[in-house]
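**Q** Chains A and E, in that order, are what the protein sequence lines are.
Just so we're aligned: 15 in the numbering used here is position 11 of the first sequence, and the numbers increase by one with no gaps anywhere.
Just so we're aligned: 12 in the numbering used here is position 11 of the second sequence, and the numbers increase by one with no gaps anywhere.
Honestly, I wouldn't trust all of these hints.
[Claimed, not checked] Have a look at the derived ranges for each label pair, beta carbon to beta carbon:
{"hint": "1", "chain 1": "E", "residue 1": "VAL227", "chain 2": "A", "residue 2": "ASP198", "range": "52 to 60 Å"}
{"hint": "2", "chain 1": "A", "residue 1": "TYR26", "chain 2": "E", "residue 2": "THR122", "range": "53 to 61 Å"}
{"hint": "3", "chain 1": "E", "residue 1": "ALA187", "chain 2": "A", "residue 2": "GLY35", "range": "54 to 62 Å"}
{"hint": "4", "chain 1": "A", "residue 1": "ASP70", "chain 2": "E", "residue 2": "LEU95", "range": "16 to 24 Å"}
Bear in mind the hints are in silico, worked out from the structure with no lab data behind them.
Note that the coordinates shown come from a computational prediction; the quantities given were computed from them, not determined experimentally.
Where a beta carbon is used, it is the ideal one built from N, C-alpha and C, also for glycine.
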Amino acid sequence: MNSSTSVPARTVLTAANLVKVYGGKTRALAGVDLALQSGESVAIMGASGSGKTTLLHALAGIIVPDGGRVSFAGPVGPVEVSALNERDRARLRRESFGFVFQQGLLVPELTALENVALPMMLAGYPRPESEAHARRWLDALGLPGLGDRRIGELSGGQAQRVAIARAQVTGASIIFADEPTGALDSQTSADVMDALLHSTVGQGHTLVVVTHDREVAARCDRTIHLRDGRVHTASGEPVPAAAAPGFEFVGEGWDRSAETNR
Amino acid sequence: MSAPTTLPTAFPAPPAAPRRRHVPIRRLTWMLARPGTQSPATLVLPAVAFGVTSALIITVIGGTSMFWRIPGQDGGIYRVLSVLALALLLVPLLGLGAAAARLSARRRDDRLASLRLLGATGADVIRITVLESTVVALVGAVGGALLSLAISPLVGLIPFLGGPIGAAELWIGIWPMLGVIAAVTALATVSSVVGLRRVVISPLGVRTRQRKAFPHWARPLIALAVIAMLGTALQGIGALQSELGLVLAIGGAFAVGLAVLGLLGPWLIAVWARLQVRRARTVPRLLAARAVLDDSGAVWRQVGGVAMTSFVAVVAGSGIGLLLAIDTSQSDDLGTLPGDIFTGIVVTLIASFLMVAVSVGVNQAAAVLDRRDITVSLDRLGMPREMIEAARARQAIAPVLLVAVTAAIIGGVLVLPLAGMTLLLSPSTLLVVFGSIALGIGLVWLAVRATTPVQRAVLAHPERA
Numbered sequence: 005m006n007s008s009t010s011v012p013a014r015t016v017l018t019a020a021n022l023v024k025v026y027g028g029k030t031r032a033l034a035g036v037d038l039a040l041q042s043g044e045s046v047a048i049m050g051a052s053g054s055g056k057t058t059l060l061h062a063l064a065g066i067i068v069p070d071g072g073r074v075s076f077a078g079p080v081g082p083v084e085v086s087a088l089n090e091r092d093r094a095r096l097r098r099e100s101f102g103f104v105f106q107q108g109l110l111v112p113e114l115t116a117l118e119n120v121a122l123p124m125m126l127a128g129y130p131r132p133e134s135e136a137h138a139r140r141w142l143d144a145l146g147l148p149g150l151g152d153r154r155i156g157e158l159s160g161g162q163a164q165r166v167a168i169a170r171a172q173v174t175g176a177s178i179i180f181a182d183e184p185t186g187a188l189d190s191q192t193s194a195d196v197m198d199a200l201l202h203s204t205v206g207q208g209h210t211l212v213v214v215t216h217d218r219e220v221a222a223r224c225d226r227t228i229h230l231r232d233g234r235v236h237t238a239s240g241e242p243v244p245a246a247a248a249p250g251f252e253f254v255g256e257g258w259d260r261s262a263e264t265n266r
Numbered sequence: 002m003s004a005p006t007t008l009p010t011a012f013p014a015p016p017a018a019p020r021r022r023h024v025p026i027r028r029l030t031w032m033l034a035r036p037g038t039q040s041p042a043t044l045v046l047p048a049v050a051f052g053v054t055s056a057l058i059i060t061v062i063g064g065t066s067m068f069w070r071i072p073g074q075d076g077g078i079y080r081v082l083s084v085l086a087l088a089l090l091l092v093p094l095l096g097l098g099a100a101a102a103r104l105s106a107r108r109r110d111d112r113l114a115s116l117r118l119l120g121a122t123g124a125d126v127i128r129i130t131v132l133e134s135t136v137v138a139l140v141g142a143v144g145g146a147l148l149s150l151a152i153s154p155l156v157g158l159i160p161f162l163g164g165p166i167g168a169a170e171l172w173i174g175i176w177p178m179l180g181v182i183a184a185v186t187a188l189a190t191v192s193s194v195v196g197l198r199r200v201v202i203s204p205l206g207v208r209t210r211q212r213k214a215f216p217h218w219a220r221p222l223i224a225l226a227v228i229a230m231l232g233t234a235l236q237g238i239g240a241l242q243s244e245l246g247l248v249l250a251i252g253g254a255f256a257v258g259l260a261v262l263g264l265l266g267p268w269l270i271a272v273w274a275r276l277q278v279r280r281a282r283t284v285p286r287l288l289a290a291r292a293v294l295d296d297s298g299a300v301w302r303q304v305g306g307v308a309m310t311s312f313v314a315v316v317a318g319s320g321i322g323l324l325l326a327i328d329t330s331q332s333d334d335l336g337t338l339p340g341d342i343f344t345g346i347v348v349t350l351i352a353s354f355l356m357v358a359v360s361v362g363v364n365q366a367a368a369v370l371d372r373r374d375i376t377v378s379l380d381r382l383g384m385p386r387e388m389i390e391a392a393r394a395r396q397a398i399a400p401v402l403l404v405a406v407t408a409a410i411i412g413g414v415l416v417l418p419l420a421g422m423t424l425l426l427s428p429s430t431l432l433v434v435f436g437s438i439a440l441g442i443g444l445v446w447l448a449v450r451a452t453t454p455v456q457r458a459v460l461a462h463p464e465r466a
């Protein structure tokens, strides 16, 4: 839907036969296979307890699966996410992945601008550069002039846009969103999804959304339904290409090569 | 294989309405107190905090009341000094008690809000909370009383009047001890009622952090005016004839001094934190400075106790050190008094730091539990765990360091000639004072480190966030 055919897609993340068991008996994932292409949006749906959040956490390296493997096509070569230790997985999340949570989960003491600048500072960029780039993201997402506000001073939709900016300020190639519109009304939800899709898939990045909302899922390129920890049905085809035109906010001042040098 | 379940065509109808509404408060309270998905720290931490508070209150009362039993001429000066020590310890002690009470009240908000949504009345929620907080505080306070007895032989080794004071001198009597237990329990009860008002009023209320107002610029001006008035009033202190009058005058001057610090402290901390926010170049520094700036008043309430003690320790320590050093014959005239004053200064200093350390530990534990969702989200963003920990430690320790060092420097500058001579003639005295301050800061650091397992547990069980 948001993708175009200008750049050939490549597989950025693969999961093979993922298994995750909690407490020795609750099988959250029972052998999931999945491949994510660059520039596509994928919705993961399923009933409560079907394993969708566990799948997202395993793909993102938040948890380690008990079986199977997750491989990420990193900028300097393939990385087996599931084989990394905690420190390296944290680094991978910091440098290559972005996250949007249901409630935003922004740091309440920090301003919107500081929240967005946080991942860049964690990646080692100087604060002035981080904040300058963060401000450009806030402007691009329709929040000009709100950078100095605390999170408690923003509406739910505004806070979620701040979270979207935070997820992508470092140029993450895959964005994981867990119920990003779960706490929003339908109109705000649609606006937030607009911002999320345009700023991720529109940039040639990959978006993985865990959602209960059919309308949210319908806006993604394909939908994976989980049941009892397995892929029950999948709709849509992997996207052949990425990088939709017409979204021009990540501009000068951001040197992607710097990320890999640090 | 079990047979397929057949759903009934009719479900049980609700029973007839009770003739009289009776909510089993005790049973509900017990049910809510069971270990569940929440951390057991929910109940254990407040109990420990109330226990330590009670133990320290009893020990401080025992230590100061001992001086009121000294007969003769010497007794007067010891009584004055004990009142001063008590005044110095009152602020950190109240801070610790309040921290314990807040921790106890905050922990139950979520479940009680749910209960309110299920139809419990505001009165039901208050009764459950009061009962739970009261029982937790009572258990903690009784444990604290026993702890005070257990540590009394150790505290009794502190030398006064030429020898160890002994555990027996610290015994305050059964009724005062029961009084402390009752007072600490009552403090918890009142705090829980106050803390839960918002749950009762608005169970669906979402906790948002609005920007807190920066402390008013008039604070330092008012403080200066009060200091000027206090200075004028103290010039007439020599005219007081009675010992009680003198004690009350000095105690009053201390109270005013503490009030001035209460005005100045939050403003100074806020100014410092704002500067730190602007200058922060790393994530832990930025997070810590923002957290301090977010509520400088609360930070001051937590660490302000060490300001006065550090100041007094340097000023009085310099004077007493010099007195101890210059002439043994003069010291003989004064008997054990100079040495006892010095011991008292060091004991008061360490006691105040100990209270602040426990208070910091309690507040940190509460903050870790309150902010578990934010901590988990930072971890998921890839923030290194040691960096999350560093931000937390910095947020707790930096204000203590700022307050203690600033107070010590101001004290040293005010009595610079005296401090200089003491440094030359009796360097060990100042070494003990500054060593005690360093030890105190170390205690605060240990208190923060003691809450690291709580943080680890939060990250190990992110599903509880």
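**Q** So the hint says 54 to 62 Å: do the beta-carbon atoms of ALA187/E and GLY35/A match that?
**A** Roughly 59 Å apart at Cβ, these two residues keep to the hinted range, so it holds.
**Q** Given the hint of 52 to 60 Å, check if VAL227/E and ASP198/A actually sit that far apart at their C-beta atoms.
**A** For ASP198/A against VAL227/E, whose Cβ atoms are near 58 Å apart, the range 52 to 60 Å holds.
**Q** Range first: 16 to 24 Å. Now tell me if the beta carbons of ASP70/A and LEU95/E are that far apart.
**A** violated, 51 Å
**Q** Is the hinted range of 53 to 61 Å satisfied by the C-beta distance from TYR26/A to THR122/E?
**A** For TYR26/A and THR122/E the Cβ distance comes to about 38 Å; the hint is violated.
The earlier numbered hints that this structure contradicts are 2, 4.
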